[in-house]
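Undergrad: Let chain Y serve as the given structure and place chain F on it in line with the hints.
Residues per chain are reported as follows:
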Amino acid sequence: MSETIAVSTSNTEQRTTKTSEERGKTPGLFRLISGKVLVDSVVRLNPVSLLSNPVMFIVEVTFFIVLAMAVDPVAFAHVASLSLRAFYIEVAAILLITVWFATLSDSLAEKQARTTANSLRKIETEVMTKKLVIEGGETKVVPTPSEKLRKGDVISLEKNDVVPIDCDVTAGIAMVDESLLTGESTPVRKAPGDQLIGGSKIISDSLTARVNVNPEETYINQMIRLVESSKRPKTPNEQAVTIVLIGLTAIFTIIIIGMLGLSITLGLAADLSVLIALYVCLLPTTIGALLPAIGLSGISRLYERRIVAKSGKSIETAGDTDTILLDKTGTITVGNRQAIEFLPFDGHTEREIGEAAFLSSWHDDTPEGRSIIRLAYERGYIPKELNALALSEVYEFSASTRTSGVKLQKGQGFMLPKTGEKGTKGRFRRKFADVSLPDIEPETEGAGTEDEQESEIIKGAPDSIRALVKSVPAKYDSVLQGISQAGDTPIGIERNGELLGLIRLKDVLKPEIKDKVQDVKAMGIRPVMITGDQPLTARNIAKEVGIEEFVPQAKPEDKYGIVRKEQAQTRVVAMIGDGTNDAPALALADVGLAMDSGTQAAKEAANMVDMESNPAKIIDVVMLGKQLLMTRGAVTAFSIANDVAKYFAIVPVLFATTLPQLESLNILHLGLHTAVLSALIFNAIIIPLLIPLAMRGVAFKPANTMTLFLRNTLIYGVGGIVAPFVGIKLIDLLLTLVFHL
Amino acid sequence: MISPLEIAELVLLLAVVLLTAWLYAPFIVKVFKRTPSRVDKLLNPIENSIYKLLGIQVDRSMGWKEYFFSALLVNIAQMAIAFVILTEQGLLPLNPMHFHGMSWDLALNTVVSFATNTNLQHYAGEMTLSYFSQMTAIQFLQFTSAATGLCCGVAMVRGFILQSKGLGNFYVDFVRAITRIFIPICFVAAIILVALGVPQTLSGYITVQTVEGATQQVLVGPVASLVSIMQVGTNGGGYYGANSAYPLQNPSPITDLVQIFLMLLIPTALCFIFGDYIGKKKESLPIIVGAYALFAIDLGIAFIPNPVTVGPGLETRFGGFMSTFWTVVTTAVTTGSVNASLSGIHPLAILAAFMGMLIQSTPGGKGVGLMYLLMYIIITIFIVGLMSGRTPEYLGIKIVARDVKLVMVAFLIHPLIIIIPTVIAYASGAAAAIGMGPNSLGFTQILYEYTSSAANNGSDFLGTLGNTPFFNVSTAIVIFLGRYGPIMCLLALSGSMLGRKRATATESSLKTSSWTFSLVLVASILVLVVLTFFPFLALGPILAYFQGHLNFFSLGLWV
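The listed protein sequences correspond, in order, to chains Y and F.
Using the working numbering, the first residue of the first sequence is number 2, and each one after it goes up by one.
Using the working numbering, the first residue of the second sequence is number 277, and each one after it goes up by one.
It is possible that part of the hints are untrue.
Covered, in the sense of this in silico footprint (three residues per stretch, anywhere, with C-beta under 8 Å from a C-beta of chain Y), are these stretches of chain F [to be verified]: (1) 382-389; (2) 777-786; (3) 790-796; (4) 809-822.
Below, in silico cross-link-like pairs of lysine-lysine (PhoX-like), each with a Cα-Cα straight-line distance of 20 Å or less [unchecked claim]: (5) F:Lys777 / Y:Lys566; (6) F:Lys681 / Y:Lys235; (7) Y:Lys235 / F:Lys309; (8) Y:Lys515 / Y:Lys385; (9) Y:Lys314 / F:Lys777; (10) F:Lys309 / F:Lys441; (11) Y:Lys408 / Y:Lys314; (12) Y:Lys522 / F:Lys309; (13) F:Lys787 / F:Lys556; (14) Y:Lys314 / F:Lys674.
Bear in mind the hints are in silico, worked out from the structure with no lab data behind them.
Beta carbons are placed, not taken as given, at the ideal position from N, Cα and C, and that holds for glycine.
Just chain Y, with the same shape it has in the complex:
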């Protein structure tokens, strides 16, 4: 209950927000195109390597047939004619280009995946640790990348260091923040013999520790290799889509063979190249071409967000999430608290506390310390002794006393002018450049007075403060309890042995988390908040962020039970975790996102790892999963819907010479000679036109499933019927008017 300064995770925090902003969209797809990509795409035209993509393989087979017709039309006695040789060459060229567009999309997607994966690799090697090596009786510090550490190595850990890997404390005492691992925002005291969990953070003092596990071969390298391999295993959904594509291909093969048979036996004189054109147009070439790229780009988009997935399947599962477990600390709240109120005790004023708090926090660079100064500043409690701070003696926060403070020398009063860059405001601007301060004119005036005393101000855990002061008011405990019950944290503050009052610290919501929770809810997904806090605290936070369900006083071990309960109700559960205690739950959950700062066990159990260790990204993962599935569905539906127009383009000219009455079906009024080329060109050109969609994913606003379904069906289903009518007509006009074909 009586807590001191919680710990800053602000460094990672800030980096995350920055990268999220920078990230935006995939850098221009055109920039991915390089000579190497082009060569690669041409190499992939090799029929053997196309075997894994049956639709495109068949298109290539038809290319060879039409090519043969161009070379020797006479050999195709009844189904080809010498006069159409030029046409055959045109058709063959378009067919080859169609296949090349498909291989190009593959090459591009792989390039994109490799590029993003490599940027991840850089991040990983950035983590350096201070390895202690004894050389000739002398202990030397050797900077070592975390993945080079081996069991038994001894490392030195100082304030603000992240524990790189699980180890045992050998010397020293320190406060360690395990909030990202255990969800508990209270720092833990670690002494020799205690275990340090990889991913926790030293917040005060320093210690040495011995590594007690070997790091795995970095999982990230394994995963990157998975993506780079062109033999990336198909996900279950991809497999099923492939079966549909093969089925459709088989159906259209029967149709075309049937048409060919009829044409020959009935003397309808259909040209084989036109039949082949109809065949290729009907084949689901668009989705056939883009299917591999869509899946790979889904993984790339995760990489761009610095998340590594162990398999493509886990991304798809993320799209199915019904319940998302959100740890309060780190996901919903920033993981540290901010001052919101000064509570004076009898005989003292708010101003007294404010000024004392200001002074005692001047050297405290934790977010809590800054928030205290900010609050004091906003309320105009600017102490006269400000100038004395420069010469003051600072008591740094220590885990053993759980207090921090300052000792001001006698007669060093406030002597600065109150305005100007050198004045109070200027000093604030410089020290708090990152904090937006309201424009308040501090009410301080003049110089310090002679009667100033030497004074000592200490703030810290209420229990520790109690021990330092002469007396506490009777209501001390009940006030503390009141604050705790409201979900806030009290900090005691005393001046020269006199208890002034309390500072109330409050959990602060992460920026944008409310919107994200709203998005999640809009998509019909249930967010459940998990926290170690009291029920009352939990309820307040949950209410504030808009979450209806929460589990208070939960220990990391409890997550397993929560996941199991949700799954027993047949829900798909997504969660984050980083501590060893989270590992079973991470393994059980359908989607488990581990923090890179977390323990090896957690990372192994999870199916994704966030390199930036930002737990709020679990929501992004779910959205990306949905986007991947939507993209695949959209392109499939679009591809199949396209067939409607293609029938109307080609069937009328199929038997143009023998059955002119079918011209009535030519509702687009396409030219007799250009209809087939127009349809074929549209069929080919739509592939590169959709590459950006495939690689970036369909855009969507969070909404419930049926709204998304309806919206996408209208855009890609109905749009898929309309688009080729327009596109084929335009190409036809172009061919007839511009090229006079």
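TA: Chain F in isolation, oriented as in the chain Y frame:
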């Protein structure tokens, strides 16, 4: 366009069908769930003695394989018995007209056709079959084939029920379908038909003197009972070669409407049973909307041209409207009975008939229509449902690669068994041998023959013309594959649903019981099923339409 009065007549009839079917559906569910009912007292002893006689373990539920092969074996056994009756009818009793036995190929075609609820007839009943054959081989198979289809449909539904252990016991389903559904309805229907003037007698054909003094044979027989099961069971094999165009099988517009009602009744009721049976009533919505929206589209296409009131091949009793309406209905529910010569029907109405047979679920044949609709729902969920941002699932069951494989195989069967034989019929000269020239009219008739066979519909242009070894055998094969292939795939699909993990629907699931989904279903069926055959339809009825034909009588070249 048709007149407002006719539209009103049509809408009213469909409304009555929907209402009756909706009221009747819970009864069907009760029959197959074996819920205790009032008729138990009467029927239980009869059924129990049948179970005892055949050694059926009433409570043993079957997996899909056992269910399917039980149905298949029972059907094949029935075919064998009927085959003997038809080929040996000359030796059998109740043959007052002394008809000879059927040729082997015609008998094969007939038994396969009747045992599969197809009722393609390459013979004219009144000139070929004895009373005994009509009542045993024909009528018996009409009952059993309808019951088989119904049972398979129900068995497929059972796979979707939560905690279902099996697909049910085929023999029990089969017996109950006959005793509790078909016999009662047919009994009532037959009485109504007799009251409306359809003959029911075993006294032999009557020779009468006409007003002009000539003598004419009146071909009476046990017609009413056969007509009732032929329509109720969506069989379609009539007593007479001219089917319900024959005055004694369908004497008046009233009997015409009654027969349309009977055809639609059970297939429509089956659309309603799905939700009821699985305990999620709303899930019937996409089925009923899918079936009737597509049916409405068929009707719309059929009625684009103004149906001629009197024309060759049409009965003046019914005229163009009734004939066209009947043609669409009989193909929409794969009955295959006719009340006019198909040759007299407008090409666009024939196009609508093709659509009904290709889709097979508007609302489709007994049980099988429901099976196809479930298949379409699954493939629609799979292809379009992905766009909702979730991996596809139906009723909480994930649709996996194996399901998709089975659906695609079922899908593939139709093009395969329609297109290949059509081409062979022309390539081998078999079509030309019966006068089906290489032109839109002839092609339509050949394509129709195989489409009707594959869809187990049974209506056809050819009739006795088709009585050649080539057509008898080829259509028999197509009918057999078209019946049992998809049923096997779909029962396998349903059987694999048993014991699979299923999620209860959450806020984020795709709602299949919504209007949105139902309409998307309709669109995807049109694109996936009908469009596939577009090039062939373009050479047949569509070309005939553009060539200005009003019916299929004029046979010429491709002009």
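Undergrad: Please go over all the hints and tell whether each is borne out by the structure.
TA: Hint by hint, here is what the structure shows:
1. Note: the segment 382-389 of chain F has 0 residues with beta-carbon separation from chain Y under 8 Å; the three-residue rule is not met and the coverage is violated.
2. Counting residues of the segment 777-786 of chain F whose beta-carbon sits less than 8 Å from any beta-carbon of chain Y gives 9, enough to reach three: the coverage restraint holds.
3. Requiring three or more residues with a Cβ within less than 8 Å of a Cβ of chain Y, the coverage given for the segment 790-796 of chain F holds, as 4 such residues are present.
4. Beta-carbon proximity to chain Y at under 8 Å applies to 9 residues in the segment 809-822 of chain F; the threshold of 3 is reached and the given coverage holds.
5. At roughly 16 Å between alpha-carbon atoms, Lys777 of chain F and Lys566 of chain Y fall within 20 Å of each other, so this suggested pair holds.
6. Straight-line distance between C-alpha atoms of Lys681 of chain F and Lys235 of chain Y comes to about 16 Å, which keeps the hinted pair within the 20 Å bound.
7. For the suggested pair Lys235 of chain Y and Lys309 of chain F, the alpha carbons sit about 42 Å apart, so the restraint of at most 20 Å is broken.
8. Proximity of Lys515 of chain Y to Lys385 of chain Y is assessed by CA-CA distance (about 40 Å); at most 20 Å being required, the pair is judged violated.
9. For the hint linking Lys314 of chain Y to Lys777 of chain F, the alpha-carbon distance of about 18 Å falls within 20 Å, and the restraint holds.
10. Distance restraint check for Lys309 of chain F and Lys441 of chain F: the Cα-Cα separation of roughly 13 Å lies within the 20 Å cut-off, and the hinted pair is therefore satisfied.
11. Note on Lys408 of chain Y and Lys314 of chain Y: the hinted pairing is violated, with a Cα-Cα distance of about 60 Å set against a maximum of 20 Å.
12. Note on Lys522 of chain Y and Lys309 of chain F: the hinted pairing is violated, with a Cα-Cα distance of about 40 Å set against a maximum of 20 Å.
13. Distance check on the hinted pair: Lys787 of chain F and Lys556 of chain F sit about 12 Å apart at the alpha-carbon level, within 20 Å; holds.
14. The suggested pairing of Lys314 of chain Y with Lys674 of chain F holds, with an alpha-carbon distance near 14 Å, which does not exceed 20 Å.
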